[in-house]
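Trainee: Here is what each chain is made of, one letter per residue.
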Amino acid sequence: MTSFVDLEAKIPNNVGLKDDPVIRRALETWQPAYLEWWRDMGPSDFKQDDIYLRTAVGVGRGGWANFGHVKMPDYRWGIFLADPETEGERKIKFGDAMGQPVWMQIPGEMRARARRLIVTQADTEPASVEQQRLLGHTAPSIYDMRNLFQVNVEEGRHLWAMVYLLHKYFGSEGRDEAEELLRRRSGDPDNPRVLQAFNKPIRDWMAFFCFTTFTDRDGKYQLAALAESGFDPLARTTQFMLTEEAHHLQVGENGIARIIERTAQLMKEGVDPRKVGAMPLDLIQRYINEWSSASYDLFGGEDSSNAAEAFATSLKGRYREGDGLYKDPLALNQNYETEIFENGVEKKVQIPLRRAMNALLLEAYHADATRIVARWNRVLEQYQLSERVYLPTLRFNRQIGLYGGLWFNPQGEQISKEAFERKRTEWLPVDADYQYVKNCMIKVWDRGKFANWIAPPPVGINNQPVDFEYVKFH
Amino acid sequence: MTNFETNPDRYAHWKLTFDGAVARLAMNVQEDKPFRDGYRLKLNSYDLGVDIELCDAIERIRFEHPEVNVVVLTSENPRIFCAGANIQMLGSSSHPFKVNFCKYTNETRCSIENASAHSGIKFIAALNGTASGGGYEVAAACDEIYLVDDGNSAVSLPEVPLLGVLPGTGGLTRLVDKRKIRRDLADVFATKAEGLKAKRAKEWGLIDGYFSRSRFDEGIKKRAAELAARPKILNKTGAKGIVLTPIAPSVNADASELKYKHVTLKIDRAQRLAELTIFGPAEMPSTDPAVMRELGAEFWPFRAYREVNDALCRLRHDEETVGLVLLKTRGKIEHLLAGSRALAANRNDWFANEIILFLGRMLRRLDVTGKSFFSIIDEDSACAGSLLEVALAADRIYMKNDAGGKTQLAIGPLSTGLLPMSNGLTRLQSRFLKNPEHAESLAKSLPRMKTSEALAAGLVTFAPDELDWSDEIRLAIEERLSLSPDALTGMEASLRFGGPEAHDSKIYGRLSAWQNWIFTRPNATGKEGALVLFGQPERPKFDWRRT
Ligand SMILES: [Fe+2]
Ligand SMILES: [Fe+2]
Chain A
1 MTSFVDLEAK IPNNVGLKDD PVIRRALETW QPAYLEWWRD MGPSDFKQDD IYLRTAVGVG
61 RGGWANFGHV KMPDYRWGIF LADPETEGER KIKFGDAMGQ PVWMQIPGEM RARARRLIVT
121 QADTEPASVE QQRLLGHTAP SIYDMRNLFQ VNVEEGRHLW AMVYLLHKYF GSEGRDEAEE
181 LLRRRSGDPD NPRVLQAFNK PIRDWMAFFC FTTFTDRDGK YQLAALAESG FDPLARTTQF
241 MLTEEAHHLQ VGENGIARII ERTAQLMKEG VDPRKVGAMP LDLIQRYINE WSSASYDLFG
301 GEDSSNAAEA FATSLKGRYR EGDGLYKDPL ALNQNYETEI FENGVEKKVQ IPLRRAMNAL
361 LLEAYHADAT RIVARWNRVL EQYQLSERVY LPTLRFNRQI GLYGGLWFNP QGEQISKEAF
421 ERKRTEWLPV DADYQYVKNC MIKVWDRGKF ANWIAPPPVG INNQPVDFEY VKFH
Chain B
1 MTNFETNPDR YAHWKLTFDG AVARLAMNVQ EDKPFRDGYR LKLNSYDLGV DIELCDAIER
61 IRFEHPEVNV VVLTSENPRI FCAGANIQML GSSSHPFKVN FCKYTNETRC SIENASAHSG
121 IKFIAALNGT ASGGGYEVAA ACDEIYLVDD GNSAVSLPEV PLLGVLPGTG GLTRLVDKRK
181 IRRDLADVFA TKAEGLKAKR AKEWGLIDGY FSRSRFDEGI KKRAAELAAR PKILNKTGAK
241 GIVLTPIAPS VNADASELKY KHVTLKIDRA QRLAELTIFG PAEMPSTDPA VMRELGAEFW
301 PFRAYREVND ALCRLRHDEE TVGLVLLKTR GKIEHLLAGS RALAANRNDW FANEIILFLG
361 RMLRRLDVTG KSFFSIIDED SACAGSLLEV ALAADRIYMK NDAGGKTQLA IGPLSTGLLP
421 MSNGLTRLQS RFLKNPEHAE SLAKSLPRMK TSEALAAGLV TFAPDELDWS DEIRLAIEER
481 LSLSPDALTG MEASLRFGGP EAHDSKIYGR LSAWQNWIFT RPNATGKEGA LVLFGQPERP
541 KFDWRRT
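From first to last, the protein sequence lines are chains A and B. So in the working numbering, spot 37 of the first sequence is number 37, and the numbers just go up one at a time. So in the working numbering, spot 399 of the second sequence is number 399, and the numbers just go up one at a time.
All the pointers check out, no bait thrown in.
Cross-link-like lysine to aspartate or glutamate pairs, in silico, DMTMM-like; alpha carbons within 20 angstroms at most:
| id | chain 1 | residue 1 | chain 2 | residue 2 |
| --- | --- | --- | --- | --- |
| 1 | B | K202 | A | D190 |
| 2 | B | K527 | A | D96 |
| 3 | B | K202 | A | E173 |
| 4 | B | K199 | A | E179 |
| 5 | B | K33 | A | E342 |
| 6 | A | K347 | B | D37 |
| 7 | B | K222 | A | D190 |
| 8 | B | K202 | A | D176 |
| 9 | B | K199 | A | E177 |
| 10 | A | K347 | B | D32 |
| 11 | B | K221 | A | D190 |
| 12 | B | K541 | A | E109 |
| 13 | B | K199 | A | E180 |
| 14 | A | K348 | B | D32 |
| 15 | B | K192 | A | D176 |
| 16 | A | K347 | B | E31 |
| 17 | B | K192 | A | E173 |
| 18 | B | K202 | A | E180 |
| 19 | A | K348 | B | D37 |
| 20 | A | K423 | A | D282 |
| 21 | B | K192 | A | E109 |
| 22 | B | K199 | A | D190 |
| 23 | B | K42 | A | D297 |
If you are wondering where the hints come from, they were derived from the structure by calculation, not from laboratory data.
Work out the full structure: start from the sequences and follow the hints.
Mentor: Following this line, the structure appears as structure tokens:
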């Protein structure tokens, strides 16, 4: 079953906006406000430049393979829901409503909770665009600049996807929330974005690649959990968002890999990366530590009654719930075992499984991120270097949850606050690091040229050569 | 045993600071310091320990800091003001504990309003983060509420939708009675788990204003300064506070006898009987307010009332099975009368005023205590003035009809309007609803009476003669203690508050009664009840029959 994709409409969509005048009008009213937000808070400048971007034209295979040079404000932000995986009636796969047909409307008693889940997710989309808005000016190449803008416009589309749900299924409160999404501002002390990690600036490209590796990956897992939802429109919206998110993770993973590669080349040649404006491994490690640990916090407390409710109400499942990875789709009468620290003593605790949903998702995330870091180490291996980077354990530098406010080294051993503070400059970036990286961020906008701290990618975008004119400046 | 005494040096959960006429009372709940084991005080949620400190702080502001006329109630936690009573604690507590806990917290909230109405202290709730459930309720006890407008923080009463119980710490009553929120809007608010953010909350009257995060402190400071500059209702210029010294009773090994300086509490657990004896002052009390202030916490009436208050709290929390409390007095009627006159005459002095207000609170605490009270008056009693009020608070009064006429009682000026019940009436007015002129004439003539006169005047219930006295008392005790404790609690609560309803009486009589009923219902506290399952993996299952 494939849905009709209306590409000619003011708002491209496959949700039948043409025949839904009420929602169409509401969204057409929201659209100018969105464009105004994009003008004010989207990438600063570059509005008249042609960027080689992909635009979604369908939700099937190849729906994304639509590349061309466009000016960002003219980008066709659309609303797409993935097609149902199966024909016929679909059933809810987990939680108390398991076995019931999926909901095409949100049940009244779940409305507030579902709205909160959606708003929390939605808020991160414009937030990251705001966090990244100045990066274009210091792009290490037009290839990377193009990737940045691709990520940005897709985050914008994710906002559209969530706003559609708010308008369509959540009444006047949904419309209010949609307006609020354009009103909050990343880092504004008076009107901050909902989640803390989305209020911290992405000051440089190291941070950008770390963000897309680690923080966008949180997004991937959150979306994956929502993609299991018993609320069908939410499930199908997030399923489609996941296809875009995968690209963002690629940008991050490849970005850090290329930085490590450049560093490895220099080390191999016996050149101190610091002497030539490249990124020394210890500094890369500190960035990894900072962004991974901040992203762990995004999953919420390991023991969370909120998470239990979201699962119990069949609104948010486990990672790949529908693939039958789990024995018991109800997740009742089971425990999740983990360690806590009481007065410095490590102790096993059992958390009822439903309350441990955040912990489960975080575990899946951590395993995934571990594979990414292993891939980065393969670059070092290829250059026959013995140095390695690592991913800190889930206990390191946590602000919330079971390990929040306690002190651990990156390997997860509990240490004293004093011991942590002594090691802080070794483990986490300090102002001098930020300053150093900032000084290295010099724009390189010539075709096929790359800044000295990052290796070129092995291949270009959409089979184009690496020295393709990804951005045409006007 | 529960210790209701503390002091700011020992606070775990609050930070109390002073800046001229403005006190700042900031909640900073230590997660790992619950009152008993078994739960963590997350998100500035509170339990009895947190509330004992809050109560102490308010008393200290009133007595130790007469210079204060504005209190800013806020949170040290920048994201959350207060998440209300701790749910794990409630879910794992016995029914009597829950009821007594809620009662105590209600009394503390009412004491905030009492200070606002009669001590000239205005309370500002500075909600620098979300206030949910009991967090909003404590804010509602303040005169003005300001919420941070950060797109995130909200006020809410999620008890009904999330916990299957009521916002029973005055929440519902204060919505409609105090803040005068329209009933339909109150209905929406009290069923909307996530509550309302600043703008809408202001529109609905749930808060009085809001400030952005960066302007919040400044906005609160400005408002506090405005309120601090308003004309004072009592002359406290240059007043120096007194020190609330500990009243720590000596307690015997099995805690069956508590000896305070002027009060003893004896507990007979086998019989479920307690005896509370209040000893009057040893000499004629001073009539000079300067001397009263000099004596401070040791001044007889104040010390004695604090002790009674402490004994009542302990009785409620530590002696759940005690069903009947005999109220006795010892001392000289002249001393009591003189003392009452001295307080009444000096009620424009801040300290005398605070003592009278404290006595009023103590008596209202007695009024809402779920135990039977019999007042016992014999020839050694000193049932006069303020201690006559204690007797009038009892469910029954037994007065010995001795041949010599030595057993007497006397009404003093405190009984004429200075010690209102929670329904707004004096105890005399409440007693003589059918005959208000009688109440008025007693209040005017302030008579001293022998037993037969008191009986005739309707001030006592029974007046056995010397021969029958001990037997009558014994029989009355035994009979009372044979009755259903639940029926007695309900009966007494219904009979004690004749006459009109007022804000406070609605909280104790209507809201609390419904709450206490809900607390016993399976829909809240059964194995599949909402309160019990909150935060648990399973979801509640309701018995859908409406009652
Ligand atoms: Fe996204
Ligand atoms: Fe993303």
